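Peer 1: These are the residues of each chain, in order.
Number of protein chains: 2
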Amino acid sequence: MPRAGLTPTVVAERGASLADEVGLDRLTLALVAQAFGVAQPSLYKHVRGLDGLLQRISALATAELATALADAAAGRAGADALHAVAAAYRGYAHAYPGRYAATQRLPDPADPAHLAAGERAVGAIYAVLRGYGLEGDDALDATRALRSALHGFVVLELAGGFGIPRDLDASFDQLVAAHDVAFRAWPDRT
Amino acid sequence: MPRAGLTPTVVAERGASLADEVGLDRLTLALVAQAFGVAQPSLYKHVRGLDGLLQRISALATAELATALADAAAGRAGADALHAVAAAYRGYAHAYPGRYAATQRLPDPADPAHLAAGERAVGAIYAVLRGYGLEGDDALDATRALRSALHGFVVLELAGGFGIPRDLDASFDQLVAAHDVAFRAWPDRT
DNA sequence: CACAGTTGGCTAGAAGCATTAGCTTTTTGG
DNA sequence: CCAAAAAGCTAATGCTTCTAGCCAACTGTG
Numbered sequence: 003m004p005r006a007g008l009t010p011t012v013v014a015e016r017g018a019s020l021a022d023e024v025g026l027d028r029l030t031l032a033l034v035a036q037a038f039g040v041a042q043p044s045l046y047k048h049v050r051g052l053d054g055l056l057q058r059i060s061a062l063a064t065a066e067l068a069t070a071l072a073d074a075a076a077g078r079a080g081a082d083a084l085h086a087v088a089a090a091y092r093g094y095a096h097a098y099p100g101r102y103a104a105t106q107r108l109p110d111p112a113d114p115a116h117l118a119a120g121e122r123a124v125g126a127i128y129a130v131l132r133g134y135g136l137e138g139d140d141a142l143d144a145t146r147a148l149r150s151a152l153h154g155f156v157v158l159e160l161a162g163g164f165g166i167p168r169d170l171d172a173s174f175d176q177l178v179a180a181h182d183v184a185f186r187a188w189p190d191r192t
Numbered sequence: 003m004p005r006a007g008l009t010p011t012v013v014a015e016r017g018a019s020l021a022d023e024v025g026l027d028r029l030t031l032a033l034v035a036q037a038f039g040v041a042q043p044s045l046y047k048h049v050r051g052l053d054g055l056l057q058r059i060s061a062l063a064t065a066e067l068a069t070a071l072a073d074a075a076a077g078r079a080g081a082d083a084l085h086a087v088a089a090a091y092r093g094y095a096h097a098y099p100g101r102y103a104a105t106q107r108l109p110d111p112a113d114p115a116h117l118a119a120g121e122r123a124v125g126a127i128y129a130v131l132r133g134y135g136l137e138g139d140d141a142l143d144a145t146r147a148l149r150s151a152l153h154g155f156v157v158l159e160l161a162g163g164f165g166i167p168r169d170l171d172a173s174f175d176q177l178v179a180a181h182d183v184a185f186r187a188w189p190d191r192t
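Residue numbers (our numbering), protein chains in the order written: chain X, 3 to 192; chain E, 3 to 192.
Check before you lean on any hint, since a few could be wrong.
Facing chain X, according to a computed beta carbon distance under 10 Å, are these residues of chain E, among others [stated by the list, open to error]:
{"#": "1", "residue": "Arg107"}
{"#": "2", "residue": "Phe164"}
{"#": "3", "residue": "Phe185"}
Computed footprint of chain X on chain E, listed as stretches where at least three residues anywhere in the stretch have a Cβ under 8 Å from a Cβ of chain X [to be verified]:
{"#": "4", "region": "150-160"}
{"#": "5", "region": "177-183"}
Derived coverage of chain X by chain E (criterion: at least 3 residues anywhere in the stretch with Cβ under 8 Å from a Cβ of chain E; other residues may be distant) [stated by the list, open to error]:
{"#": "6", "region": "141-152"}
{"#": "7", "region": "156-162"}
Bear in mind the hints are in silico, worked out from the structure with no lab data behind them.
Quantities reported herein were computed from a predicted structural model and do not represent experimental measurements.
Don't be surprised by glycine CBs; every beta carbon is placed ideally from N, CA and C.
Produce the complete structure using the sequences and hints provided.
Peer 2: Below you can see the structure in the form of structure tokens.
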């Protein structure tokens, strides 16, 4: 019998694609094994169980998201950069919902690449806010606020939580524009 | 053998409490049954499987959250109401993380009480924004923006997604203050 | 009070999942 | 070319949800 040619990376990528198709919560090792035409236990030679697979998918997706955000921010500043990064964020979540969901897992502290990817992603957002002249605690708070808004919108949207999906694009534009307003007139920290 | 005295409501409430303790994703029928000193299949006499239980917990939690938000908004207006509602929202998620997570499930269209609770919850937020003079599409967009921000912050916070939890209270205050600024100067819908 | 009928609990058992153990075959490297 | 490592396999365990079918305990109506 010829070998299937699995590697940790290959398994993670197939797992990520399947997660995008069926939803991260419905991703099973059985499904991944079936996609490779392989018995479930074989996957354990490459990945530390389901949890290990999810962690690898998370690392993969976080890195992808980080470069998407960094690419969007490149060569732009201010409101322009803000809108571009926000659109890239939502675009990634739409295109790869399973991967995006995996992104929410905390990086394993023993995985430097995963940690670095996470920092690159929030760094891309942080950089946009530096463009608004925010620094120190203000930049930290603003980054958290923008992350919250983007993540919250995307999650509610994907889950169908906004009810009838009328004008979601326009609502998102308004959300971003509102943050532009707030970042220009960032309130004092009392 | 005396009966355990289970009812759909009792089961849902115990399930909600357990979800708060162990996390919604770790809630199992086996755990609920054990808490009642009852065999797993007995629960099926009261609840349509695990999914039915989760749905009931969602309805329960949504109703609780809605009244918490409505109570917070009562007798307040403007920035005062905004801060009170935001604090109530975050407070509920902190106090009942499992229930809060259940809140994200879509209501069963055949469950009028669940649907009504959902509308009451977003209605409480909507009402606050009406206090800022926002109407029509603007109020809709602003409601979506505020929901996104609150939900996103709470989810990231509970998941530990903000890294070192330094000054989370202050960051949340800033997030709310920033929305106050944005609601006062709500951008035109181009 | 008696005695149906309904309800609420039970045991048994299926199917799907993750995971471990241990075996065999393929690939690789000296 | 052959030993060692790696990659696949089967078998088996334990946990889960869920269905089927049984029996005891309540309920209410004559």
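Peer 1: It remains to establish, for every hint, whether it holds in the given structure.
Peer 2: These are the hints, each one checked on the structure:
no., hint, verdict
1, Arg107, "8 Å, holds"
2, Phe164, "6 Å, holds"
3, Phe185, "8 Å, holds"
4, 150-160, "holds (count 8)"
5, 177-183, "holds (count 6)"
6, 141-152, "holds (count 9)"
7, 156-162, "holds (count 4)"
Comparing the model with each earlier hint shows no violations; every hint is respected.
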